[in-house]
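Peer 1: What follows is each chain in one-letter form.
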Amino acid sequence: MKILVAVKRVIDYNVQVRVKEDGTGVVTENVKMSTNPPDDNAIEEAVKIKESGKVKEVIAVTVGEDKAQETVRKALAVGADRGIHVKVDGIIEPLAVSKILQKIVDKEKPDLIFMGKQAIDDDCNQTGQMLAALLNYPQATFASKVEVKEKSLEVIREVDEGLETIEVNIPAIVTCDLRLNEPRYASLPNIMKAKKKPLEQINASDLGVDIKPRIEQIKVEEPPKRKAGIKVASVAELVQKLKNEAKVI
Amino acid sequence: MSVLLIAEHNNKEIKPFTLNTITAASQIDQDLHVLVIGHSCEAVAKSISEVPNVKKVIHLDDAIYENYLAENFTPAVIKNSENYSHIVCSANTFGKNLMPRIAALLDTSQVSDIIKVISADTFLRPIYAGNAFATVKSTDTKKCITIRPTSFDPAPSSGGSAEIVKAEKAEATTLTKFIKREEVKSDRPELGTARVVISGGRGMGSGDNFKLITAIADKLNAAIGASRAAVDAGYITNDHQVGQTGKVVVPDLYIAVGISGAIQHLAGMKESKIIVAINKDGEAPIFSVADYGLEADLFEALPQFLEELNKLNTIQK
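Protein chains in written order, with this note's numbering: chain G, 1 to 249; chain H, 1 to 317.
Please note that a few of the clues may not be correct.
Claimed, not checked - In silico lysine-lysine, DSSO-like type, Cα no more than 30 Å apart, as pairs: (1) G:K48 - H:K180; (2) H:K55 - H:K116; (3) H:K180 - G:K50; (4) G:K87 - G:K195; (5) G:K241 - H:K317; (6) G:K67 - G:K241.
Source of the hints: derived by calculation from the structure; they are not laboratory data.
With these hints in hand, go ahead and build the complete structure from the sequences.
Peer 2: In structure tokens form, the structure reads like this:
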């Protein structure tokens, strides 16, 4: 079996994002970038399944500008076998990413496709489900546990009501929740070794898919600021304020 | 133009958030039809037909729809989508799972998690965990949109009498099998719609210590929330998680206890009307969004809090 894992380069989750003054987006210059956090869980799960002997190869793929390769290199450093970078400049929407990934799936024919459930930059939560639709594959979204069976996966999903268990036939798409596993760190020797692993580069324009944005971003602005609050000295004062000033209890 | 809304329900009742989503949908266009897909869910179709904003209810009823599998719902929605300019549903795990599958097959670039309808094609949505708001315009002829329910008021639920039309089921999937759902039953108000929410974080130290929070929640008729750290640590189940990848809550009063206030948590609660933070670290980022901050050890503060509440003659429920 073969697993394809899709990873995305995003602003690091610890960075306080700042909106550009001209309203065209957020500041990305000189800002720390990392792999989208749940994509790390997707890689970890794929590598764990490989280590269990059920899978022969793990391929990491990313869609983005040149620097997006860093996320593939990181995936290679924690255990993926080879990488694919589909180069594209500018904004790319989840629908376009899923069309690109469909082309990669047609070529690589993986049995399983893993990715994070949501990217923490655009917060769209779409790509996995869209790819599943285009391929007519089953989708196991928001996965917090994955068990590989002979011809299927049993997946526990985190839903608003609690937990849901489903069984999906292979080939399948799994979108990973942060609680799926604990992603490992890349060791220095493995980072060095990853530099020698194969990383294929493909131009999105050579794949023959329509990736033009369909959504115009008119402006990006800061959300309204909360007015500064106060510190209270005691619990008694807190309860009095909530009762008499805020009138919420 | 007309809008098709996919109702979220549990086959017995509509989920309260469906009413908030109805408000947003009718701001897009008054000609709002609701698709009720489920199993033995006549009561749901009937109650939606009584919502005054709804002009028509389309009801698909079959055993294959009992567990809301996206693989079964998608062909059913697409079969009924032809006459609509907008297909919408709520942006919780139900809609997040379902809508992109529909959008991709309609070749539409979905607009996720809108918090404001600016016009029929232009919407406001949060990005970067709510640290920026983007105004976006969809250029697709058929638009697929998910709606953040807490950003809209619930629509009135009675007084209407829309016609209910039965529709044929679509093809059934053989790819996915539902096995089970572990729902956490609780007598408390639902986290997403509660007037008061009290949440615990890593500072709680153990699942057992959440009883300090439970006691106050009982007193205030509050829902119980948690930070991701508390859920990861196993103190409490995932359905309590508030944040970027959990639930978004907008209560009148949000009390954050032992929560440092990571960006990801703030994304789920910073629109609350009044925020209280109780934390022993005076530098914790949670204080930057709190209306009332109490720098104190929660193990002393929570019992005192309960005691002070007990002294009050009346408490709003």
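Peer 1: Does each hint hold? Answer for all of them.
Peer 2: Quick rundown of the hints versus the structure:
1. G:K48 - H:K180: holds, 25 Å
2. H:K55 - H:K116: Distance of about 22 Å is within 30 Å: holds.
3. H:K180 - G:K50: holds, 27 Å
4. G:K87 - G:K195: holds, 19 Å
5. G:K241 - H:K317: holds, 17 Å
6. G:K67 - G:K241: This hinted pair is violated, its Cα atoms lying about 51 Å apart.
In summary, the structure is inconsistent with hint 6 from the numbered list given earlier, while agreeing with all the others.
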